Amino acid sequence: MTQEITIENIYNSLQQVMDPEIPVLSVVELGMITDVVLTAGGAEVHMIPTFAACPAVTYLQRNIRQRLEEDLHIPVTVIVDKHIAWNSNRISEAAKVKLEQFGIAPPKRLAGEVSEELFVEVPCPHCGSTDTYLRAPFGSTLCRAIHFCKSCGQIFEQFKPLE
Amino acid sequence: MLNKAITDLLTKMADDELILGHRNSEWTGLGPVMEEDIAFSSMAQDKIGHSWALFRILEELPEGRQADLNAFCRPEAAFKCCHLVEYPNSGYDFSLMRHFLFDQAEAVRYESLQESSFEPLQQLSKKVKGELKYHTLHANAWILQLSRAGEESYDRMQTALNEIMALAAGIFEPARDYEQALIDEKVYPGEKELYNRWLDRIYPVLVKASLNLPDLNAIAPAYGGRTGQHTPYLGPLLKEMGEVFNLDTAANW
Chain A
475 MTQEITIENI YNSLQQVMDP EIPVLSVVEL GMITDVVLTA GGAEVHMIPT
525 FAACPAVTYL QRNIRQRLEE DLHIPVTVIV DKHIAWNSNR ISEAAKVKLE
575 QFGIAPPKRL AGEVSEELFV EVPCPHCGST DTYLRAPFGS TLCRAIHFCK
625 SCGQIFEQFK PLE
Chain W
195 MLNKAITDLL TKMADDELIL GHRNSEWTGL GPVMEEDIAF SSMAQDKIGH
245 SWALFRILEE LPEGRQADLN AFCRPEAAFK CCHLVEYPNS GYDFSLMRHF
295 LFDQAEAVRY ESLQESSFEP LQQLSKKVKG ELKYHTLHAN AWILQLSRAG
345 EESYDRMQTA LNEIMALAAG IFEPARDYEQ ALIDEKVYPG EKELYNRWLD
395 RIYPVLVKAS LNLPDLNAIA PAYGGRTGQH TPYLGPLLKE MGEVFNLDTA
445 ANW
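For the record, the sequence lines run as chains A and W.
Residue 542 in the numbering used here sits at position 68 of the first sequence, with consecutive numbering throughout.
Residue 361 in the numbering used here sits at position 167 of the second sequence, with consecutive numbering throughout.
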């Protein structure tokens with residue numbers, strides 16, 4: 475059965491489009507969708523990348539288009555929104571819990587600019603200890619930093635706070 | 195006139211990011227420790243991403259050229275990067291000091307662009323400014339750590355600073371024909387102003403590291419890059435960088 479074409483149904487479909495680098499989170503949960511507009515016979519999805527050099531942008535644009543065309547049978551245009559810059563507060567609270575369960579420490583909530591404070595005592599996603607230190611501000615992808623937990627002796631990654 | 199001035203500004207910024215991004219990427223697989231290998235590789239990715247965003251803005255200007263063609267198919271003399279970014283990586287001391295001086299300069303530049311009257315640059319600057327935080331955080335931390343890591347390490351950092359200062363001052367070469375127009379139109383505050391803000395920014399870090407800033411009156415800034423006069427290092431880099439692209443410039447990636 476074909477779904478009715480509503481903004482809500484479009485968002486429901488977008489919830490199925492996962493980030494290729496963090497497969498437990500969708501583009502909606504990551505706060506990458508800035509607007510959905512119904513047009514004559516189709517839809518426009520406006521999105522923003524997490525980092526400017528994110529290599530997954532073209533891939534995500536294609537996945538969004540394919541998913542919506544499959545679910546709703548309408549032509550979809552995916553537009554990169556230049557008016558809004560992504561920041562880490564756009565990740566929903568529910569998504570932060572999923573991130574932690576996936577083994578990546580979520581970013582601390584930003585109030586103002588990024589400072590060194592946001593990198594100390596980051597709770598370890600494996601054992602919960604805050605006896606941790608920042609090992610490097612760059613990790614396996616642009617959006618991750620590397621930390622070390624002195625309590626359980628494990629390396630872990632943190633999704634970086636970004637202004 | 196203003197269109198030409200903005201093209202000049204965007205091109206020199208994009209070229210700096212592209213060339214230093216390429217140099218940073220040459221550390222991939224060769225970093226002194228794994229985290230540093232990853233750091234320089236990540237910063238390379240950021241820089242090339244930022245240059246791509248700038249080339250995209252250029253592309254959308256009247257008579258704008260397609261981003262990839264602009265990046266890979268221009269003759270050397272059409273590049274406007276400063277000499278600092280052209281130099282080979284040399285040792286880690288040189289690379290790290292260059293990274294510190296360049297990224298602090300970028301941070302100051304993009305902060306100033308938050309107020310730019312040229313909207314595309316103003317919008318991009320918000321994004322880039324946040325990302326650059328990680329570059330300066332990384333640079334500051336290592337300048338401090340290595341300057342405090344014993345006599346040999348300290349000497350090497352001081353020597354690198356002495357050698358690089360004139361090159362770094364060359365970042366701020368004013369645009370010969372366009373500087374005043376860009377300032378008057380509030381596109382950016384001008385190189386002289388950025389140079390002064392940059393000095394205010396690097397000085398406290400150097401003091402903490404007990405490094406001595408060379409006498410600025412005694413150095414001759416390495417100018418020329420902004421008008422297409424380059425070091426012998428740029429040519430071979432451009433050739434290598436464009437090698438695959440130039441096999442078939444019309445190929446679809």
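Treat the hints with care, as some may be off.
[To be verified] Below, a list of computed lysine-lysine pairs in the BS3-like style, where the Cα atoms sit at most 25 Å apart: (1) Lys624(A) <-> Lys582(A); (2) Lys624(A) <-> Lys570(A); (3) Lys556(A) <-> Lys624(A); (4) Lys572(A) <-> Lys556(A); (5) Lys402(W) <-> Lys323(W); (6) Lys556(A) <-> Lys402(W); (7) Lys402(W) <-> Lys320(W); (8) Lys327(W) <-> Lys433(W); (9) Lys380(W) <-> Lys556(A); (10) Lys556(A) <-> Lys327(W); (11) Lys433(W) <-> Lys582(A); (12) Lys380(W) <-> Lys320(W); (13) Lys386(W) <-> Lys433(W); (14) Lys386(W) <-> Lys323(W); (15) Lys380(W) <-> Lys198(W); (16) Lys320(W) <-> Lys386(W); (17) Lys198(W) <-> Lys320(W); (18) Lys380(W) <-> Lys570(A); (19) Lys570(A) <-> Lys582(A); (20) Lys198(W) <-> Lys556(A); (21) Lys582(A) <-> Lys327(W); (22) Lys386(W) <-> Lys198(W); (23) Lys582(A) <-> Lys198(W); (24) Lys386(W) <-> Lys556(A).
[What the hints assert, rightly or not] Chain A stretches covered by chain W per the calculated footprint, using a threshold of three residues with CB under 8 Å from any CB of chain W: (25) 491-505; (26) 520-531; (27) 534-548; (28) 565-576.
Derived from the structure by calculation, the hints contain no laboratory data.
On a predicted model such as this, the values are computed, not experimentally measured, just so you know.
Don't be surprised by glycine CBs; every beta carbon is placed ideally from N, CA and C.
Outcome of the hint check:
1. Restraint check: the Cα-Cα separation between lysine 624(A) and lysine 582(A) comes to about 20 Å, which is no more than 25 Å; the hinted pair holds.
2. A distance of roughly 23 Å separates the Cα atoms of lysine 624(A) and lysine 570(A); the hinted pair therefore holds under the 25 Å criterion.
3. Our distance criterion of 25 Å between C-alpha atoms is broken by lysine 556(A) and lysine 624(A), whose separation comes to about 41 Å.
4. A threshold of 25 Å between alpha carbons decides the hint, and for lysine 572(A) with lysine 556(A) the separation of about 28 Å lies outside it, so the pair is violated.
5. Proximity of lysine 402(W) to lysine 323(W) is assessed by CA-CA distance (about 24 Å); at most 25 Å being required, the pair is judged to hold.
6. Between the alpha carbons of lysine 556(A) and lysine 402(W) the distance comes to roughly 39 Å, so the proposed pair goes past 25 Å and is violated.
7. Taken as a hint, the lysine 402(W) and lysine 320(W) pair is broken in the structure, with Cα atoms around 29 Å apart against an allowance of 25 Å.
8. Between lysine 327(W) and lysine 433(W) the alpha-carbon distance is near 32 Å, which puts this suggested pair outside the 25 Å criterion.
9. Only pairs whose Cα atoms come within 25 Å are accepted, and lysine 380(W) paired with lysine 556(A) is accepted, the gap being roughly 21 Å.
10. With a C-alpha separation of about 20 Å, the suggested pair lysine 556(A) and lysine 327(W) falls inside the 25 Å cut-off, and the hint holds.
11. Distance check on the hinted pair: lysine 433(W) and lysine 582(A) sit about 44 Å apart at the alpha-carbon level, beyond 25 Å; violated.
12. Restraint check for lysine 380(W) and lysine 320(W): satisfied, since their Cα atoms lie roughly 17 Å apart, inside the 25 Å limit.
13. Between the alpha carbons of lysine 386(W) and lysine 433(W) the distance comes to roughly 33 Å, so the proposed pair goes past 25 Å and is violated.
14. Among the hinted pairs, lysine 386(W) with lysine 323(W) is consistent with the structure: their alpha-carbon atoms are about 20 Å apart, no more than 25 Å.
15. Pair hint lysine 380(W) plus lysine 198(W) holds up; C-alpha atoms about 15 Å apart against a cutoff of 25 Å.
16. Straight-line distance between C-alpha atoms of lysine 320(W) and lysine 386(W) comes to about 22 Å, which keeps the hinted pair within the 25 Å bound.
17. Restraint check for lysine 198(W) and lysine 320(W): the C-alpha separation of about 24 Å stays at or below 25 Å, so the hint holds.
18. As the CA atoms of lysine 380(W) and lysine 570(A) are separated by approximately 41 Å, the hinted pair breaks the 25 Å bound.
19. In summary, the hint linking lysine 570(A) to lysine 582(A) is supported, as the alpha carbons are separated by about 10 Å, within the 25 Å threshold.
20. The straight-line distance between the Cα atoms of lysine 198(W) and lysine 556(A) is roughly 23 Å, inside the 25 Å bound, and the hint therefore holds.
21. Distance check on the hinted pair: lysine 582(A) and lysine 327(W) sit about 16 Å apart at the alpha-carbon level, within 25 Å; holds.
22. With a C-alpha separation of about 20 Å, the suggested pairing of lysine 386(W) with lysine 198(W) holds against the 25 Å cut-off.
23. Restraint check for lysine 582(A) and lysine 198(W): not satisfied, since their Cα atoms lie roughly 43 Å apart, outside the 25 Å limit.
24. For the given pair, lysine 386(W) sits about 30 Å from lysine 556(A) by alpha-carbon distance, which is inconsistent with the 25 Å threshold.
25. Against chain W, the stretch 491-505 of chain A contributes 0 residues with a C-beta closer than 8 Å to a partner C-beta. That does not satisfy the three-residue criterion, and the hint is violated.
26. With 5 residues having a Cβ less than 8 Å from any Cβ of chain W, the stretch 520-531 of chain A passes the three-residue criterion, so the hint holds.
27. A stretch counts as covered by a chain when three or more of its residues have a beta carbon under 8 Å from one of that chain; for the stretch 534-548 of chain A and chain W the count is 0, and the coverage is violated.
28. Counting residues of the stretch 565-576 of chain A whose CB lies closer than 8 Å to any CB of chain W gives 0, so the stated coverage by that chain is violated, three being the minimum.
Going down the numbered hints, you'll see the structure goes against 3, 4, 6, 7, 8, 11, 13, 18, 23, 24, 25, 27 and 28, while the others check out.
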